[in-house]
Amino acid sequence: MGGALRFAVVRLLQVIPVVMAIGALNFVLLNMAPGDVADVLAGQMGHATPELMAQLRREFGLDRPYYEQFAIYLGKLAVLDLGTSHLQQLPVIDLILDRLPATLILMVTAIGIAIVVGLLLGVAAARRQGGWLDGVISVVALIVYATPAFWLGLMLIVAFSIHLDLVPSGGMSRIGAGTAGFAYALEVAHHLILPAITLGLFYVAIYTRLMRASMLEIYRLEFITTARAKGLSEGRIAWTHAFRNALLPVVTLAGVQIGHILGGSILVETVFAWPGLGRLVFDALLQRDLNLLLGILFVSSAVVVLASLVVDLVYGLLDPRIVQK
Amino acid sequence: MDFRNAMLAAMAGAAMIAASAAGAQQPQTGGTLTYTFHPEPTALSTISTTAVPVAIISTKLYESLLEYEGAGMTPKPGLAESWSISPDNLVYTFKLRSGVKWHDGKPFTSDDVKFSVQEIALNYHSRGRTYFGAVDSIETPDATTVVFKLKQPVPFFLRAFQASETPMMPRHGFTEQDIAEKRVRQARIMQEPIGTGPFKMKEWRRGSHIILERNPDYWKPGKPYLDQVALRVLPDGVARALAVEKGEVDLAPQSALPPSEIQRLRTVPSLVVSDDGSEGLGPMMWLEVNLREKPLSDVRVRQAISMAIDRKRLVDVIWFGAGKPARGPVVSGNPAHFDASLPEFEYNPQRAQQLLDEAGYPRRQGGVRFRLTQNFLPYGEEWVRQGEYIRQELGRIGIQVETQSVDMAGWLRRIYTDWDYDFTSNFTHNYSDPTIGVQRAFISTSIQKGASFSNSMNYSNPRVDELFRRAAAIPDGPERKAIWNEVQQILRADLPVIFLIEIGFTHVWNRRVQGLIVNGISMYSNWDSVWLQR
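Just so you know, the protein sequences line up as chains A and B, in that order. The first sequence stops at residue 325 when you use our numbering, and every number in between is there. The second sequence stops at residue 534 when you use our numbering, and every number in between is there.
This is chain B alone, in the form it adopts within the complex:
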């Protein structure tokens, strides 16, 4: 290539960049956004199960009363165009948008809202009781007004109206029999959705793909921008990564790719790799410990374990840099509730050894102080590697660890029904408020056999119970913030679990996809503003 040609090429390149920059301001209509995830959804509604693949697809079909903006999840109008709250925080009045239609053409009314909360979310959604347990009555004075009367203030009430949490479902989508016989999960609508969302169902070929198409009657003029959203089910992690790399698939949301592949794709120029847009989920990982017997019932032993694990190294080596060391039970991405004064946990194997000596567990023959069994969350390769790393680090301070491997059903049975374990890795979501996501693991009333992702540790601290109880019933503000700070400090000191990492949810997408990250639950947003650059 001579100089002239090089100049021409450079100019053409500059023109293209300028064109694409100009295009970035003006959304283009049309095109199909293809994303990949595994496993395939088992239903098309979070009422059936709130599993991640179901939540991603159902939120394009169903909407809720509100939408949310930014990482802090500021509520803004959705199906409700305005709302008001009484001064005592006990009455919430929503004014619904008129002229909204279900996908089958029938009008959306206040009656559907009441039905969706009272009959559906409250009874079937796994967090329905948390959100609506304090609702005293729901009134529908007219077709576009809904009034919720609460028994006590619910500080996170406005957060309840996310499409994945409280989807609005059409009353006419269920038969009398479905409701009376409690067969809501088997209702026809779970496979053939009728929502108000920007996209509606087009085709589901099991094992292969799901296609949603533009809802031509969507209530937001000019939206959605996309013609179609298609899910391609690619069961192999490497195959998923190859499909994204090749441009066959536009998006791999919410850590759909193995961390090792994500690491590799960071250098591919056509792709964007980002951890943004999941702040509202607050992923948190810890070691859950069984406090019922010695030696783990001794806080010094738990401190020693905590000090023996290098969280920074876990993030960098096992999780390929996705995430950051946890500093307590609340994730740092939740600035309204996180206590920013908390320091990082100390990595100090020498001090750990001293603590074990002080606790009365000296090294015996073979240098072993005591033995523990370790389970790990059966979510894939990284969890196995992490378990091996922890076994190695604890071995160094004289704790001999035997690792047991079981599948998901067996793991849940062992940890939450049989309580038959010493310690295990675990992964939960904070969600946007500690009352929703954090409380259930630490209050003593959730020490219940068979309740999954609850207080399996048998942790019981009256002060913590009291603080959670108070925080659940007062509005957000300095007083509630002070309660959360105290809770975080107590749990850090008590170590009912060994806090490890805020694992990042990494999304990988093709540069041509625009407008994807809009709030703290971007993959559970309705994607009506997502568009493709052509």
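So here's chain A without its partners, still in its complex pose:
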């Protein structure tokens, strides 16, 4: 694995300037919008004098010229200090670490559902190409793909939470129940069902379609014909010969979608009151909480870059030729 390790280290070093550049770009872009956190606070109070506004800006360091703020920001970023949220008056890193687990649980579960279900459905559809099962899977996948996630989420709440009363409509745990340990994990899992399905379904549709197409492409290749000629069963051909080869495009897309799913989680977290990062970024954006916003963008860009690194490593496992090149 020496090659793979060196590959990982080199990629990690390449990541650092990329992440720093993303941070700088975020700073410039976000400062171009009119209004700042002092404006937002004034709006919330319903009334503020120029003296109060000046006082707030002084407290927040917003009265300094942009280049000075930028230099301070970059200096702090270099030592991984994400600063203080002006609105919440707490360190940005604390706010993020507070929310990161919830988002990761949601993302990992949703991606897990999407990959497992998507791959199974894709393979099933490809094996019965043109049959009724293929038709049903393809149509359902198309409908799910075209349905907005927030609407799907609300409909799931109405059906499974309001009418059938099977699962809670929102939140991550019962409030004030005081459960701990395994009971708490079960409680979180129970609350996780609807949001993870909502977030995952869209990707289920994508993976299904992608896997189906990929499998059909592989089926046309000569080594499949050879396998058939050797008299292997169709199941064996599908799972040992075609599946692994058909997986590559899916892995590529999964890597890209980790960034995408962070965006998707904003809607899902909003509908299900899931206390994750997606909502934090949304609130920070609306409230011009620049430090917090920059911090979240920084952390999530790091997560995305790391995810793409993992994808590269998985490529290597699936097809060692890619890393050796």
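If you are wondering where the hints come from, they were derived from the structure by calculation, not from laboratory data. Computed from a prediction, not measured in an experiment: that's the story for all the values here. We treat Cβ as the ideally placed atom computed from N, Cα and C, and that holds for glycine. Heads up, some of the hints might be wrong.
Said to hold, decoys possible - Label pairs and their in silico Cβ distance ranges: (1) 29(B) - 162(A): 27 to 33 Å; (2) 373(B) - 286(A): 19 to 25 Å; (3) 292(B) - 70(A): 34 to 40 Å; (4) 93(A) - 74(B): 44 to 50 Å; (5) 162(A) - 534(B): 51 to 57 Å; (6) 181(A) - 29(B): 27 to 33 Å; (7) 82(B) - 162(A): 48 to 54 Å; (8) 32(A) - 317(B): 56 to 62 Å.
Got chain A; can you put chain B on it based on the hints?
Relative to the frame of chain A, chain B by itself:
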């Protein structure tokens, strides 16, 4: 179901109703009241920001010297058990209740009162200067006596001691450094409150919930009735409505639900939908207009705009019936100051057209007289719909409106710092006295760049300035009432803004919640008498 069973069911039903009626007289102790709001509070003190979510939760933790009763907000004893006012209305002496303890067990004293007003409210609360700007000195002759000496009479002085406006904060909750370096907003106590209120902090899971628990040492014997008050942060309006409908959440206060959902919930038998209990806030909505240039500087144009908008239809269609047409700058729910003789504004598009012709703005090619840009308050869907309705109505009388959409920070910058707009919807609070809530929008001294929710219109009328100045310094009575009547008549005629609607604050709660509406700021009251029927 046969007849016998039906009779039995009916009798059981009657028994249950009787039982619940009997229970209604006798408050029950215990239980958790869950309410939902969005956005989540950013701090637990109105000193940090007076935003609605902060005011709702912090008033359960912190109290002030007085409490208030009824829609008219009659002062009654709170942390102060009695008070006296000198005949010249310049000296207010409060006698504090003894034996009151902070949540950390330390005693509450007159020194805390002086500190809370002088160091905290005056410097950090957004209305602190309005309430206490005329205070000459605060004396604390002993641990339970506080004497405020004023430079001039302040007619609303007894209204200043609401928990959301002047919360009593413990001096020992702040370090010397917090005060000296003006870092009060960053003080630890903003996240970890120490109050005297009926509830104290238990748990805050950001993005999910806040739980307050009963203060066992509360100074009112037997209170509070509830064991806990819990806030559930549900960011989606429809999800909030579903949670209330399902009974997962007991209360959605202060228009926490979208108007369309409230409309739907009116028919759910387990819920109460009410506009009562916000009279002391006096919500008021108008079109703010930039008077600096033609054509809006011409009062006939503003009259025409006013006449082109059907306020009744706005209330019914856009706001789903919550609210009523405004009749001037003071809300009608404030009987002490509202001029009841004011008629409703006229809806008359034909007359509006005539006025525009008279003002010298005939229809030109395409039927357009002139163009205006419209902003709207970025508070949600209804404000967009309202903007569309206004654009349509003004289009009919030949005013072509182009609507611009920006977020809150951008909106404030554009309206109050850059003054770069023609007209925009706006929403302010009257509060309990026109000097607090109305004056700032219309006196010429509040034409200041960067002052939010102030006189962005550039309205300047020496007579109005004079009337506001006089009303701020005389006690409530017939003379002050006459001043307010004149102010309302002048502003109605001048139309420095186009008065639209007194928007209702609608609260939705489960029938099992009792004792919620107690005064004109019921959601900012301490809820020590709220109880749950089980």
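- Cβ-Cβ distance between residue 93(A) and residue 74(B): within 44 to 50 Å? With a Cβ separation near 49 Å, residue 93(A) and residue 74(B) satisfy 44 to 50 Å, so the hint holds.
- Task: Starting from the range 51 to 57 Å, see whether the pair residue 162(A) and residue 534(B) falls in it by beta-carbon distance.
- Result: violated, 23 Å
- Message: Verify the CB-CB distance for residue 373(B) and residue 286(A) against the hinted window 19 to 25 Å.
- Response: holds, 23 Å
- Query: residue 32(A) and residue 317(B), beta-carbon distance inside 56 to 62 Å?
  - Reply: Between residue 32(A) and residue 317(B), where Cβ atoms are some 38 Å apart, the hint is violated.
- Query: At the C-beta level, are residue 292(B) and residue 70(A) separated by a distance inside 34 to 40 Å?
  - Reply: This hint holds: roughly 35 Å between Cβ atoms.
- Task: Look at the Cβ atoms of residue 82(B) and residue 162(A) and judge whether their distance stays inside 48 to 54 Å.
- Result: holds, 52 Å
- Starting from the range 27 to 33 Å, see whether the pair residue 29(B) and residue 162(A) falls in it by beta-carbon distance. holds, 31 Å
- Message: Verify the CB-CB distance for residue 181(A) and residue 29(B) against the hinted window 27 to 33 Å.
- Response: At 31 Å between Cβs, range holds.
Hints 5 and 8, counting from the list given before, are not met by this structure.
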